[in-house]
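K.L.:
Protein chains in written order, with the numbering used here: chain A, 38 to 170; chain P, 38 to 170; chain U, 38 to 170; chain B, 38 to 170.
Treat the hints with care, as some may be off.
No distinction is drawn between identical chains; accordingly, a pair holds when it is met within one copy or between any pair of copies.
[Said to hold, decoys possible] Computed cross-link-like contacts, EDC-like style, restricted to lysine to aspartate or glutamate with a CA-CA straight-line distance of at most 20 Å:
#1 58 x 43
#2 60 x 43
#3 138 x 82
#4 170 x 81
#5 110 x 122
#6 53 x 156
#7 138 x 81
#8 110 x 156
#9 53 x 43
#10 138 x 89
To be clear, the hints were calculated from the coordinates, so they are not data collected in a lab.
Protein chains: 4
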Amino acid sequence: MNITLEQAQTAIAAAKAKAIKIKTLMNIAVVDSGTNLVAFAHMDEAWLGSIDISQKKARTARYFNMPTGEIGKLSQPGGSLYNIEHSNGGLITFPGGVVIKNAAGQIIGAIGVSGDAVENDHKVAQAGAEAVK
Amino acid sequence: MNITLEQAQTAIAAAKAKAIKIKTLMNIAVVDSGTNLVAFAHMDEAWLGSIDISQKKARTARYFNMPTGEIGKLSQPGGSLYNIEHSNGGLITFPGGVVIKNAAGQIIGAIGVSGDAVENDHKVAQAGAEAVK
Amino acid sequence: MNITLEQAQTAIAAAKAKAIKIKTLMNIAVVDSGTNLVAFAHMDEAWLGSIDISQKKARTARYFNMPTGEIGKLSQPGGSLYNIEHSNGGLITFPGGVVIKNAAGQIIGAIGVSGDAVENDHKVAQAGAEAVK
Amino acid sequence: MNITLEQAQTAIAAAKAKAIKIKTLMNIAVVDSGTNLVAFAHMDEAWLGSIDISQKKARTARYFNMPTGEIGKLSQPGGSLYNIEHSNGGLITFPGGVVIKNAAGQIIGAIGVSGDAVENDHKVAQAGAEAVK
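With the hints as extra help, turn the sequences into a complete structure.
P.N.:
Here you go:
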């Protein structure tokens, strides 16, 4: 099962609405179940460095089917996945990437958000993912 | 002058409408005047390999302020720009990328389209660029 | 708004003058608001490895609109942006990169300096940025 | 023997003066005898894609101690250096890169110019190289 463009654009619209609500500027990326980019939006004046980070967060979440922040807990010095960020052309393992599921609970893609403190990135990603049914 | 997200989404919507009209499936990317990605859309079932190509076309058009196909005429064996594609992390020099201008005629970004014969890619890109004022 | 070559060369001249004053040898890079390289200078006998680092510092500062050292505080093990350096083709997050603003306070680019202890890198970058009006 | 920053800046100033004289906009890069970047200038509104190309031309000229266009004659389909552009992180083998010699005739670096038709790129590079003694 794969996310559609319509679903991806719904997720981006919901994420953007959340970003506006909490008064921040975000980059928002949605990938499909094969980690390929489906849709992307860079809010005006959002950080340019987060264009890449939002896409890497989305892919990282789908690569391992968990929120990016969970992987970051394991990739610390001494951790079991230390420096896993070197794989796959670069992972981002702090919060802001989450998988997207359909109504049946199947993973159909992932969303990555970057542009502010990671707690806000995560909240905005969550809002995007929840808008997809 | 830089394209806004609203303008980029207008370009993508117009390009997508054109793609539907000519019965094809496209990947559509819009970059700003600094070649940073602003918005992207992958139509359902469009070629996956064109996700990257559409982005490279958009950047290539802005890199040299001309339609990508014009560069391709010069980069052929024996041509004055032979193998220019090796620069900038990879250029795409066949048709499908064009600059986007504002009403005042200033270049504010570029659009790249990939997913079909290059003549169709170019037509769809053109439709997207013309929708921005 | 984008930095001009004249402004970039003014920044480099001021940074170089500061480097001479504090008796050190620096690499100095200036990027525009889209993170594209505008001007660069490698002082004779300065570290060769810092040619790349100075450019990455300039881009990193503009990517997130803050001094590079601020990002480095957050990217440590256990920090909220741990291993962010894996994004954007490689970031440099220790001091030496700062944004450049025009007289109106708008960000028009960034300067990155590398070649000595990071405190000196930062001082020299600051001197370069302040020379632009 | 290695080019100094002062010599590199002299080359860039002479190349820029030539570009202004023939009414064009150029990117100008100077590398040392080890192919490391010494100085760079992007003229306002010059092609962004030529920032990378000018640097690759300078390195290519020094890699093989000949004008870049000479290599391009040999890298054509069927030629003895077919597709040599794949090496060294990407070569540019059309005109616009030439070595820089000191008064004693020793190669001390190279200059690469990009921004217009390759004949003009070469002329501007030549003007830059000849300004160094």
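K.L.:
If a hint holds in the structure, say so; if it does not, say that too.
P.N.:
Status of each hint after checking the structure:
no. : hint      : verdict
1   : 58 x 43   : between (22 Å within a copy, 18 Å between copies)
2   : 60 x 43   : between (25 Å within a copy, 18 Å between copies)
3   : 138 x 82  : between (30 Å within a copy, 15 Å between copies)
4   : 170 x 81  : between (28 Å within a copy, 17 Å between copies)
5   : 110 x 122 : both (12 Å within a copy, 17 Å between copies)
6   : 53 x 156  : within (15 Å within a copy, 34 Å between copies)
7   : 138 x 81  : between (28 Å within a copy, 17 Å between copies)
8   : 110 x 156 : both (14 Å within a copy, 17 Å between copies)
9   : 53 x 43   : both (15 Å within a copy, 12 Å between copies)
10  : 138 x 89  : neither (23 Å within a copy, 24 Å between copies)
The structure fails to meet hint 10 from the earlier list, while all remaining hints are met.
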